[in-house]
Structures are given as structure tokens and as C-alpha cells.
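These are the residues of each chain, in order.
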Amino acid sequence: MAMLAIFGMALSGCGNQTGTVVAEPIKIGTILPLTGNNSYLGQYIREGIDLAAAKINFGNGINGRKAEMVYEDSAGDTAKGVSAYQNLAQTQNVKLFFSSLSGVTLAVAPLSEADKNILFNIGSASPKISSAGDYVFRHSVNTDEEADFLAQSIYNLGYKKIAVIVENSEGTQGPIPEFIKKFNSLGGEIVLNETHNYGETDFRTILGKVKQKNPAAIVDSSFAVSEGNLLKQAREMKIFTQWFGFYYSGDPKVLDVAREAMDGIIFSQFFDPSSNSSTTKNYQQDFKRMYNKESEYNSALAYDGLMMLSKAIGKCTDLPNDCIKNELYKIKNYDGATGMISFDSNGDTSKEIFLMTERGNVFSKYNK
Amino acid sequence: MFSAYIIHLLILIGIYMILSLSLQLAMGYSGLLNLGHVAFYAIGAYVSALLALAGVPFWICIILAGLVAMLFGFLLAIPTNKLKGDYLALATLGFTFVVYAVTLNWTDLTRGPLGLPGIPKPVLFGISFSDNLHFLFLTITIAIISYLIIKQIARSPFGKALQAARDDELAAEILGKNTFKLKSYSLAISAFFAGIAGSLYAHYITFIDPSSFTIMQLIPVLAIVIIGGLASLEGTLLAAIILTLIPEPLRFIGFPSSIIGPARQIIYALILLLILIFRPRGFFGKVKLE
Chain A
223 MAMLAIFGMA LSGCGNQTGT VVAEPIKIGT ILPLTGNNSY LGQYIREGID
273 LAAAKINFGN GINGRKAEMV YEDSAGDTAK GVSAYQNLAQ TQNVKLFFSS
323 LSGVTLAVAP LSEADKNILF NIGSASPKIS SAGDYVFRHS VNTDEEADFL
373 AQSIYNLGYK KIAVIVENSE GTQGPIPEFI KKFNSLGGEI VLNETHNYGE
423 TDFRTILGKV KQKNPAAIVD SSFAVSEGNL LKQAREMKIF TQWFGFYYSG
473 DPKVLDVARE AMDGIIFSQF FDPSSNSSTT KNYQQDFKRM YNKESEYNSA
523 LAYDGLMMLS KAIGKCTDLP NDCIKNELYK IKNYDGATGM ISFDSNGDTS
573 KEIFLMTERG NVFSKYNK
Chain B
-16 MFSAYIIHLL ILIGIYMILS LSLQLAMGYS GLLNLGHVAF YAIGAYVSAL
34 LALAGVPFWI CIILAGLVAM LFGFLLAIPT NKLKGDYLAL ATLGFTFVVY
84 AVTLNWTDLT RGPLGLPGIP KPVLFGISFS DNLHFLFLTI TIAIISYLII
134 KQIARSPFGK ALQAARDDEL AAEILGKNTF KLKSYSLAIS AFFAGIAGSL
184 YAHYITFIDP SSFTIMQLIP VLAIVIIGGL ASLEGTLLAA IILTLIPEPL
234 RFIGFPSSII GPARQIIYAL ILLLILIFRP RGFFGKVKLE
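Going down the list, the protein sequences come from chains A and B. When we follow the numbering used here, the leftmost residue of the first sequence carries the number 223, and every step to the right adds one. When we follow the numbering used here, the leftmost residue of the second sequence carries the number -16, and every step to the right adds one.
No lab work stands behind these hints, which were simulated from the structure alone. Among the clues, some could well be false.
[Unchecked claim] Mimicking DSSO-like on lysine-lysine, the simulated pairs with C-alpha atoms at most 30 angstroms apart in a straight line are: (1) A:Lys515 / A:Lys454; (2) A:Lys503 / A:Lys515; (3) A:Lys317 / B:Lys160; (4) B:Lys160 / A:Lys338; (5) A:Lys547 / A:Lys249; (6) A:Lys547 / B:Lys269; (7) A:Lys454 / A:Lys431; (8) A:Lys431 / A:Lys460; (9) A:Lys350 / B:Lys104; (10) A:Lys350 / A:Lys460; (11) A:Lys460 / A:Lys277; (12) A:Lys433 / A:Lys338.
Can you build the whole structure from these sequences, using the hints too?
Okay, structure coming up:
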């Protein structure tokens, strides 16, 4: 009954509260997977956003108004994501949104587009997000560019016959078609292309096949836990073939699972945690002060996202969303924790991609 | 201000009503503990989405969605004919995993994990349902029709025979009832409506992927049927409304961001537990599931 009473109260008024005249906070809706299989991703992103919000609010806020983050759980489910969006947009009058996961973003995008609300995606890979709408932004790495870069790098390092292991999920399948096309066009050969499903933990069958084919290198596009298990089991099966990965390999969770089996891995990445750039250094310092650990790429992306959004909002008085949208498109060479960011006409960015490696529990840039 | 939000919730309630009413027919009236229901929902959604993306008109999409799901209902009835209770539950659960694996791996057709974005909103008889209010009318109309049909089935001699077979299969057979026929019809009709619900879901959310149709999506539907009470259509309708709305007021409780997701789930689970403690047979349950 109490719940129904609260619901009734919510229906009757909360949405129309305009508050006091002095510095009403700017509400920013954040729809993340806070429970379920992808909740670790939601946590990474939340940490980055909370840090950015703390930083903004510690200063003068955005033109004197505080940024208030309103979190909603999508649990990775598209329908729940839409419910969360409708709740925030309609009852709490939120006009600015962050989202994570391709499925949820693609389901919410038509709604935010119709409402002319900004939807800022953090770290999803689906190419469809590029054309999801004028109000949809994303500043993660461009999947095809990363695929081309990694294919070229592997070929240049002298590995011509490779095996490809892919996790059957949206984000991990994303770069693979382009990667295979590019690698074949360079004259390389893919001797094996194996797929595994989300949630699997035993990869010995796949690794057995890889061992039989004896490729010069293994390229793996899997999420953190699967990749960690793959590396660990490959080492147990005495497979010492050079291992390559996509940017997911930069997730500390891979290292947590694989430990020393990860040593010597080479992967493409857009965020260097120990970069010399002063922005990244300051960011890492703040992150460490707040959470007592080093930031990985998802938190950094989320941090950059809110910082850029607040910058765009700051140029618009009274928050008309068209103005914020145009200001976001105008962002060129923004010096973020994840490098230089410029938006193109699709609301996408092109990021600098480089190779990284891991040895003795430390990630560093790879130099041949 | 609130309308779009409320309309969205009402549409979800409508879809859940169709889905749980049809499961009620299989579970409550026929005693088939069917965990494959979400697979029919998935089949309906995929059939409808693929046809619509190929340019087929909506009314054909939604009817074919129901019919194809129905066909699979028949197919599932054949191997599971001799199974009962937990065994049937496991076999039908297996069916859910098979359909999930097919949608995930038949990438040429379903785009696999990438899902199907941009499913068009329905257009019926020249009326566009792209507006959510219109879509709500469509959903409610279909939900009411489903309710009336399923109610009619439950009342009919066929429905009585189903319930007889549920309570005592042997006795029903002695009275000359072909229980296999009864059960397979029940499963097929139930699958038909699940397919219709899937079609509505696909056209409403406009994006589907295999993860939209896992066991996680079955649980709320199962909860609606059980909390509404077995073999009670009115209970199902009430439970569909209550269970869809319970999570909503929780959004207005200000939890700290670090525990917001889990805290809401705990409260939701507690409410369900309390309902079942005070009403062990659900709201208006007539029979107990063995």
C-alpha cells in the first residue's frame, strides 16, 4: 500500500516541481546495467561519471548550477531501458541522457530523437548507433578503424597465418567482418575462425583446434572474463602463440582472471592509463584519490563524456537541447582523458588507436 | 507530462497480459508447466520483425507471427507428450535454449547478437500506429480480444476437458478424451498468443536481439501467472498490472547510486515473497501446481 501511495504522489506532482529560483540543478539521466551480467561495466561507467560530477560541482557547477546524476538500472534489458528512459524523460523532466550497451541505446534512440533529448552513449560498438539519430552521440573508438588498424599491425609485425576467436555478442562480433576483410586483402590468411557464446568458461575444445592448426598468432575478440579464461587455459595447454586482442583486453578484469598468462599480449587500445598527457595524468590522480585504484578505459570514457557535455551545456543558457546538440557537434580537438576528441556529422569520433601490451601486471604502450 | 510514461507502462502491461493469459491457458488450465513460452514469444517477435523489415504489411506480420509460433507449439507437443511436471518443465526449458541458440547463431537471417534494429511501427488500414497512444489502443484491443477468446476456450467443453485432463489424465482418457490432442491444441493456442505478444513487443520497442528472449524474460511472466493464481484469468490480469507497476514507485526512492540497482531488486523480490506468504495460491488461484 505504501508503494502505491508513493506512486500516486509521484503521479500527482513531482514532475512539475520547478524548485526555487536559485540554481536548480541540471538533471542528467544515466541508464546503465547496474545489475545482471554486465553490472561490472555499469560500475566502471558510474565511477567515471561520479568523478566528473564531483569535479564539476566542486567548482562552480555548470554556470552556477549543479549537475545532478539520476541513475537508472537497465539490467542490460532493452524494455527496462525504455521504461527507465520514459520515467526520467516524462516524470522527472530529464533532457540529457547517458546510456551504455548497444541494444539499450538502439531501443532508446528513436524515443530520445523524437523528444529531442541528447543521448550520449558510453563505449558501445554497434555501427547502427552512428545513424541512430541526430541527438545521439558516441565518443568511443570507431569499430572499423580499430579493425583495420589491428589487422595492419598484426600483418606488419610479420604474422601472416592467424586464428580468430570471437565471442558471440554484439560488441565483440562488431569489428570482426572488417578485420577479416582487411587481413585477407593484405595477403594474410585466417586458418581458423571459432566462435563461443557469452557465459562459457571452458574453451579447451576451441584451443585444441587452434593448437592443431598451429597459427602464427591468435586474435581474440572476447569480453573480459572470457578472454581471461581463454588466456589462462591456453597457457595450461602449453600454447605459447603470440596473442592479440581488441580494446576489451585493456579491462583489468582480464588481468584478474588470467594473471601471468596474460604476459606478452598485444592489443589495440585508445586509452593509455599511464599516458604522459597532463589531462590523463590529472584524471588518474583524481580517480585514485576518489577510488584508490587506477582507472580503466570505460571510466575514462564516461568521465570525458560528462565533461564534454557540461562544456556544451555551459555555452547554452536555459538549456535548449538544440543549442547543446550544436555545441557538441562543434567540439573539435577536445583534450580528454582518452585523448583528442572531435565529433563528426554522425555524432561519432575518430580516436587515435595504438598497440599496448602487458607484462608483470603492468599495461604499457607496445614498442616493437 | 506523465502521459508518455503512463502510456508506455500501459503498453507493457498489455503485452504482458497477452503473454501471461496465454501461459495461463497452458499452465493453469492444462497443467503443463511450460518454460518454453518465452521461445514462442521470441519466434513471434522474430517472424514479425523479419517480415516487416522485408516490407510485409503489419497485419500479415502479426498473424503470421502467431501462426508460426503456433506451428512450433504443435511441434513441441509431440516430443513432450509423455512428460509431466518437472520433466516437462525441463524439456520445454530446453526448447527455450534451442530457440535462443538459433536466433544467436543463424546470423544470415537474424543478424545474431547484433539484433534487428529499426523495426517499423505498425500501419493498419491506413492508420499509422507510430504514435504511442495509438499503439496503446492497438495493444489494449488485442489484449481484450485475447482475453475474451481464452476465457471462451476455458469455459467451452474443450476447456473443461483440458481441466479434467489436468486433474486426472487417466480418468479423462477412460472417458474417451484424447489427452494428447487436448494438450497439443492447448499448447498451440497458447503459443499463438505468445507469438502475437512477441510481434507487438518487436514493433513497439523497434529493436530485438536474442538477449531480449532469455529465461530472464520468462521469470516475470511466470511470476504473473503464479501470483495471479493458477486457472484464474482475472487474477492474471490483476497480477500483470501489479507486477509491471511495482518497480515503478521504487524509482522515486532515492537510493545512493552505488546500490540503486540491487536495492530495488531486493525490495521487488520482498514484495513478491510477501504476496505469496499471505496468498499462497496467488490472488485468485483455483488449483495447486504439482
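Right, here's what the structure says about each hint:
Simply put, Lys515 of chain A and Lys454 of chain A have alpha-carbon atoms about 24 angstroms apart, close enough for the 30 angstroms limit, and the pair holds. Using a Cα cut-off of 30 angstroms, the hinted pair Lys503 of chain A and Lys515 of chain A holds, with the two alpha carbons roughly 13 angstroms apart. Simply put, Lys317 of chain A and Lys160 of chain B have alpha-carbon atoms about 61 angstroms apart, too far for the 30 angstroms limit, and the pair is violated. This hinted pair does not check out: Lys160 of chain B and Lys338 of chain A have alpha carbons roughly 60 angstroms apart, beyond 30 angstroms.
Of the supplied pair hints, the one linking Lys547 of chain A and Lys249 of chain A holds, its CA atoms being roughly 16 angstroms apart against a limit of 30 angstroms. A threshold of 30 angstroms between alpha carbons decides the hint, and for Lys547 of chain A with Lys269 of chain B the separation of about 57 angstroms lies outside it, so the pair is violated. With a C-alpha separation of about 16 angstroms, the suggested pair Lys454 of chain A and Lys431 of chain A falls inside the 30 angstroms cut-off, and the hint holds. This hinted pair checks out: Lys431 of chain A and Lys460 of chain A have alpha carbons roughly 13 angstroms apart, not beyond 30 angstroms.
Only pairs whose Cα atoms come within 30 angstroms are accepted, and Lys350 of chain A paired with Lys104 of chain B is accepted, the gap being roughly 18 angstroms. Distance check on the hinted pair: Lys350 of chain A and Lys460 of chain A sit about 40 angstroms apart at the alpha-carbon level, beyond 30 angstroms; violated. Note on Lys460 of chain A and Lys277 of chain A: the hinted pairing is violated, with a Cα-Cα distance of about 48 angstroms set against a maximum of 30 angstroms. Between the alpha carbons of Lys433 of chain A and Lys338 of chain A the distance comes to roughly 53 angstroms, so the proposed pair goes past 30 angstroms and is violated.
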